[in-house]
Amino acid sequence: MKQPVRILVAKPGLDGHDRGAKVMARAFRDAGFEVIYTGLFQTPEMIANAALQEDVDVVGLSILSGAHMSLFPPIIEALRQVGRDDALVIAGGTIPATDIPRIREMGIAEVFGPGTRLQDAIQFVRERTGADDPEGST
Amino acid sequence: MPRSASPETLATGVIGGDTASIARSITAIENDAPAGREVLDRIFPHTGAAHIIGVTGPPGSGKSSLVNEIIRETRGRGKKIAVLAIDPSSPITGGATLGDRIRMLEWHADPGVFVRSMASRRFGGGLAQHTLTVAHVFDAAGFDPIVIETVGTGQDEVAIAALAHSTVLVQVPGMGDSVQTLKAGSLEIGDVIAVSKGDRPEAQALARDLRRLQTLVDDMDGLMHGWRTKVVTTSATERTGIDTLLAALAEHRAWLRDSEEWELRTRRMLGTEIASRVQQRLLADVVAASESTGDVIEQVVARSVSPLAAADRMLERLRSRR
Ligand SMILES: Nc1nc2c(ncn2[C@@H]2O[C@H](COP(=O)(O)OP(=O)(O)OP(=O)(O)O)[C@@H](O)[C@H]2O)c(=O)[nH]1
Ligand SMILES: [Mg+2]
Numbered sequence: 001m002k003q004p005v006r007i008l009v010a011k012p013g014l015d016g017h018d019r020g021a022k023v024m025a026r027a028f029r030d031a032g033f034e035v036i037y038t039g040l041f042q043t044p045e046m047i048a049n050a051a052l053q054e055d056v057d058v059v060g061l062s063i064l065s066g067a068h069m070s071l072f073p074p075i076i077e078a079l080r081q082v083g084r085d086d087a088l089v090i091a092g093g094t095i096p097a098t099d100i101p102r103i104r105e106m107g108i109a110e111v112f113g114p115g116t117r118l119q120d121a122i123q124f125v126r127e128r129t130g131a132d133d134p135e136g137s138t
Numbered sequence: 001m002p003r004s005a006s007p008e009t010l011a012t013g014v015i016g017g018d019t020a021s022i023a024r025s026i027t028a029i030e031n032d033a034p035a036g037r038e039v040l041d042r043i044f045p046h047t048g049a050a051h052i053i054g055v056t057g058p059p060g061s062g063k064s065s066l067v068n069e070i071i072r073e074t075r076g077r078g079k080k081i082a083v084l085a086i087d088p089s090s091p092i093t094g095g096a097t098l099g100d101r102i103r104m105l106e107w108h109a110d111p112g113v114f115v116r117s118m119a120s121r122r123f124g125g126g127l128a129q130h131t132l133t134v135a136h137v138f139d140a141a142g143f144d145p146i147v148i149e150t151v152g153t154g155q156d157e158v159a160i161a162a163l164a165h166s167t168v169l170v171q172v173p174g175m176g177d178s179v180q181t182l183k184a185g186s187l188e189i190g191d192v193i194a195v196s197k198g199d200r201p202e203a204q205a206l207a208r209d210l211r212r213l214q215t216l217v218d219d220m221d222g223l224m225h226g227w228r229t230k231v232v233t234t235s236a237t238e239r240t241g242i243d244t245l246l247a248a249l250a251e252h253r254a255w256l257r258d259s260e261e262w263e264l265r266t267r268r269m270l271g272t273e274i275a276s277r278v279q280q281r282l283l284a285d286v287v288a289a290s291e292s293t294g295d296v297i298e299q300v301v302a303r304s305v306s307p308l309a310a311a312d313r314m315l316e317r318l319r320s321r322r
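These protein sequence lines map, in sequence, to chains A and B.
The numbering of the first sequence is my numbering, which starts it at 1 and goes up by one.
The numbering of the second sequence is my numbering, which starts it at 1 and goes up by one.
Bound conformation, chain A alone (with noise of 0.2 angstroms):
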């Protein structure tokens, strides 16, 4: 059998608002996922220590204070600083698909914005890290 992928869901950004990070976090869990959870008012730098000292595959961004695109040059940076620019991240909220190709660039791996199911966002993931499905549906 194989081992569960870990995944860190942070909400990164100074708005107080978790729904969406929880949603992933729970998301993700339903899936198989080991999630670590880490809430609200996550620094770059908390992000990236977490991920390093918790070895998570994967990183999921939840954003919704529209301040997205200057959030998420200096998380990629600070996993780069710490040697865990190999995670896979993804980020999720409130991000006009016009920004999509940008976010791309700065090394996001892929954007789930309105519209998008978390079930596209799983299913992502697992086809980039190979984790199992444990209900065996795809």
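Among the clues, some could well be false.
Unchecked claim - Heads up, incomplete: computed chain B residues facing chain A, CB under 8 angstroms, no partners named:
1) A20
2) I26
3) T27
4) H108
5) S117
Stated by the list, open to error - Okay, derived cross-link-like pairs now, SDA-like style, lysine to any residue, Cα gap no bigger than 20 angstroms in a straight line:
6) K22(A) - G99(B)
7) K80(B) - G112(B)
8) K2(A) - A28(B)
9) K2(A) - G112(B)
10) K2(A) - A33(B)
11) K2(A) - K80(B)
12) K80(B) - H51(B)
The hints are simulated quantities; they were obtained by calculation from the structure and are not laboratory data.
Here the structure is a predicted model, which means the values were calculated and not measured.
We treat Cβ as the ideally placed atom computed from N, Cα and C, and that holds for glycine.
Given the coordinates of chain A, work out where chain B with the ligands should sit on it, guided by the hints.
Chain B with the ligands only, in chain A's frame:
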């Protein structure tokens, strides 16, 4: 460090205290990857010094918040501390929410603090299969103490006591009367009992009850071992009682060291680790030797073979294979 680093490189890194090497080695051990065993073989001669402390207690009793304060106090005394925080895996999907780290985020940039979350992966007793093995990695890297936070436990999950030098049992006010407390099998495993959320009004009464109860228990058998369980009231929100808790733990450690207990407990811990590994490997071998256990289970379901007879049959298949 590249993800393909050799076990030799990882082991050297661990002994040198390198964070990436420690993190990677733990993953290998947790996943039963061959590299995990190779790293362990190399680092194991460098272990044995650290004080391993178990922290256990009911769900939501304040274990992680207390551990966060233990970190603060320990760092104040200039020591490197590692935390292994275990949370339960879903028996159905295998997924888990590891939510202990969120109480200890303030130390993320401190190289003297290592927090690692671990899912129980369906191992029983509020622990994960490789709990102590992971602690060896921290030990080799020079962390001392090493704190293991168990899954929030019920009344009979006492396995942590066999894997730690000292066990802190967290009890929280407002969870039933002293009969509940008396019934809880876990009460006897506490070398130190921390009454958490000491800022709550009922905390003092609970501490008093526990002290009375403990005096009774100690009068019966505790003195035989020469250690009187200490009851300490702590509050993570008001940061009180933490120094007393650490003093009690230091006293327990000194007592272990001065008696034969340190060696006895170390033997028990390592013996438990070996036994649990043998169990794990043997079960895997039995299942592999049976190729498909389906037919055996069919017969048991049909009530033509009893579960115990089925187990014997599977073991026979393994033996006849050799
Ligand atoms: N009043 C008060 N509340 C506390 C204290 N310590 C923790 N809490 C609260 O108790 C709840 C649980 O705290 P945790 O530290 O996560 O408890 P835990 O035992 O680690 O929980 P699990 O790991 O899920 O079993 C949180 O809402 C804390 O804010 C305390 O000293 N006083
Ligand atoms: Mg906890």
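Verification of the supplied hints:
no.	hint	result
1	A20	holds, 6 angstroms
2	I26	holds, 7 angstroms
3	T27	holds, 5 angstroms
4	H108	holds, 4 angstroms
5	S117	holds, 5 angstroms
6	K22(A) - G99(B)	holds, 11 angstroms
7	K80(B) - G112(B)	holds, 4 angstroms
8	K2(A) - A28(B)	holds, 13 angstroms
9	K2(A) - G112(B)	violated, 33 angstroms
10	K2(A) - A33(B)	holds, 11 angstroms
11	K2(A) - K80(B)	violated, 34 angstroms
12	K80(B) - H51(B)	holds, 11 angstroms
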